[in-house]
Amino acid sequence: MKAFEATNRYIRQASAIMDLGSRVERLLLSPEAEHTVTLPIELDNGELAVFTGYRIQHNSARGPMKGGLRFHPTVDVDDVRALASLMTWKTAVVNIPFGGAKGGIQCDPQQLSQAELERLTRKLTQRISAEIGPQRDIPAPDVNTNAQVMAWLMDEYSRLNGYSPAVVTGKPLELGGSEGREAATGRGTIFVVEDYLKDLDRSLPDTTIAIQGFGNVGSFAALCAHEQGARVVAVSDVTGAIHHPQGLNVPAIFQWVRSRKRLTDYEAEGVTRIAPEALLFLEVDVLIPAALGGVFTGENANEVRAKVVVEAANAPTEPEADEIFERKGIPVIPDILANAGGVTVSYFEWVQNIQCLRWTEAEVNSRLRQIMGGSYGTVRNLVKQRGLNWRTAAFVVALGRVAKATVLRGV
Amino acid sequence: MANELDSRLVEHFRCFQDLDAEHTEQLAGRLKEVRLPKGHTIFEEGDDGDTAYFLVSGEVEVRAACPSEEDCSLATISAGQILGEISLLTGSARTATAITLGEVELWEISRATLESAADGGEAWATRFLLGTSQTLANRLALVNQQIVGLLSDRNRPAEKRVAELDRLRDRLFSEWSF
Numbered sequence: 001m002k003a004f005e006a007t008n009r010y011i012r013q014a015s016a017i018m019d020l021g022s023r024v025e026r027l028l029l030s031p032e033a034e035h036t037v038t039l040p041i042e043l044d045n046g047e048l049a050v051f052t053g054y055r056i057q058h059n060s061a062r063g064p065m066k067g068g069l070r071f072h073p074t075v076d077v078d079d080v081r082a083l084a085s086l087m088t089w090k091t092a093v094v095n096i097p098f099g100g101a102k103g104g105i106q107c108d109p110q111q112l113s114q115a116e117l118e119r120l121t122r123k124l125t126q127r128i129s130a131e132i133g134p135q136r137d138i139p140a141p142d143v144n145t146n147a148q149v150m151a152w153l154m155d156e157y158s159r160l161n162g163y164s165p166a167v168v169t170g171k172p173l174e175l176g177g178s179e180g181r182e183a184a185t186g187r188g189t190i191f192v193v194e195d196y197l198k199d200l201d202r203s204l205p206d207t208t209i210a211i212q213g214f215g216n217v218g219s220f221a222a223l224c225a226h227e228q229g230a231r232v233v234a235v236s237d238v239t240g241a242i243h244h245p246q247g248l249n250v251p252a253i254f255q256w257v258r259s260r261k262r263l264t265d266y267e268a269e270g271v272t273r274i275a276p277e278a279l280l281f282l283e284v285d286v287l288i289p290a291a292l293g294g295v296f297t298g299e300n301a302n303e304v305r306a307k308v309v310v311e312a313a314n315a316p317t318e319p320e321a322d323e324i325f326e327r328k329g330i331p332v333i334p335d336i337l338a339n340a341g342g343v344t345v346s347y348f349e350w351v352q353n354i355q356c357l358r359w360t361e362a363e364v365n366s367r368l369r370q371i372m373g374g375s376y377g378t379v380r381n382l383v384k385q386r387g388l389n390w391r392t393a394a395f396v397v398a399l400g401r402v403a404k405a406t407v408l409r410g411v
Numbered sequence: 001m002a003n004e005l006d007s008r009l010v011e012h013f014r015c016f017q018d019l020d021a022e023h024t025e026q027l028a029g030r031l032k033e034v035r036l037p038k039g040h041t042i043f044e045e046g047d048d049g050d051t052a053y054f055l056v057s058g059e060v061e062v063r064a065a066c067p068s069e070e071d072c073s074l075a076t077i078s079a080g081q082i083l084g085e086i087s088l089l090t091g092s093a094r095t096a097t098a099i100t101l102g103e104v105e106l107w108e109i110s111r112a113t114l115e116s117a118a119d120g121g122e123a124w125a126t127r128f129l130l131g132t133s134q135t136l137a138n139r140l141a142l143v144n145q146q147i148v149g150l151l152s153d154r155n156r157p158a159e160k161r162v163a164e165l166d167r168l169r170d171r172l173f174s175e176w177s178f
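Quick note, the sequences are listed as chains A and B, same order. Number 35 in this note's numbering belongs to position 35 of the first sequence; there are no gaps in the numbering. Number 131 in this note's numbering belongs to position 131 of the second sequence; there are no gaps in the numbering.
Extracted from the complex, chain A is given alone in its bound form (with noise of 0.2 angstroms):
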């Protein structure tokens, strides 16, 4: 909940800072519509089970809603509501023709069968045909769901309205998936670390880099940064870190643990295991939290040594640790540009399926390039010259482009 809070607080920040007053302001706060369902599914035992799903449209300003879908026991309607509104500032500051909104089911995945997931899955889509749409509402995979459920969705929406890709992203390449989709969100943030280090004349291959996490976003940040030829000093994910002060060899890492083995068994010369909490302590040039929220907290920001902190992962500064970065002069470039990639490329799928077109990677790299190289070249304008850190000038952006869009439409 502390990472909401906090979302709430910068926005407040912002909208402070642009004097757009408390009336503009909570209009930009409130959801547009918030859908509750009810979904009864007949288990595999035979016996009836009722789930409650979750769809909260935030803003549609800007253009149709776009957000994730979860399937977690502690989805709940305020979680929902908070999420909706994250997703209408990180669409904003990416400059891409969408709102925000995010749903959910309040279920154990764990505890269902893929037949009871995928009944349940169309029962949701079922219940918020008439709610989405490839120019109302777009959903995309969240928390515990995934490329196959993004088809169970799509085709319970065709059926009920024709063949209908553009409804969802994050859909398996074969049913109009895009190429890059699942590297875009690591890819976004080392072209944002990229643009960064060439303002301060600097480039990838004299950086060192530290990366928490190891997942679909980590894991892609880490190639990416390799490949440009930047040090990738150490690497973490739940089962530990592993360090070499001259650069790990991120290709090998990466197949490793695409092979299913656990980072902590990859053993090669000159690479020997940290405590998972020193990697945020070593005195690297970038590091790059890409794992859970949370991670930086008033107790530990102090022993960063690190020279900028890019959030590939959602919320991982908590607000006092964000105060100690200031003081520390350590610059945050924050989650709703840096992890951008990610939702920027489902924009690219879903213009690839209304298009009927299909993208190569290089192209969808290209635009991706642009669009992340856009997108930090105006907040870092903004931190230039009006003297905002990173993290406000990215509300800054965001607000402004949502209220600039809603006072041209009217309320």
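Among the hints, a few may not be true.
[Stated by the list, open to error] Here's a subset of chain A near chain B, in silico, CB distances under 8 angstroms, partners left out:
| id | residue |
| --- | --- |
| 1 | MET18 |
| 2 | LYS307 |
| 3 | VAL308 |
| 4 | VAL407 |
Hint data in this document are derived by calculation from the structure and do not stem from the laboratory. Idealized CB from N, CA, C, for every residue including glycine.
Following the hints, position chain B against chain A.
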């Protein structure tokens, strides 16, 4: 007492200025003196009422309920003016609330008194009705002007009626161009 009242009535209220002494005395005999402290509600919007007041000293605020916010202040009445004349003439409920802004001195006149004086041909009653008609006519002329102003405002939206969102739009695009 009567002399003092006579002179103040003539001094303050123009409509009684050319009444002779006899008629002035006749008027004075019909009025009831009322003294009220600061913050006193003389009458309230919606109340029944059939009296009007000559305000001899002090000030009275006249307020009416507005749909959008709290009450709006319609006018501040000062010595030499009449208040409550609408209910006096029509017998309808009070159309506004009158609250004293300080200590006030009033002379009250009732509908019954006015009617009987008019029936009896008392000269002051004619003067009073004429004076009140003039006040109402002036007010109507002012209201007509205001209506014309409101209508032309509505047809001239741009610079005159810049709403909150319009102002915000202009500011966003000038100050935050990204």
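Hint-by-hint comparison with the structure:
no.	hint	verdict
1	MET18	holds, 6 angstroms
2	LYS307	violated, 26 angstroms
3	VAL308	violated, 22 angstroms
4	VAL407	holds, 4 angstroms
Hint compliance for this structure: hints 2 and 3 are not met, and every other hint is.
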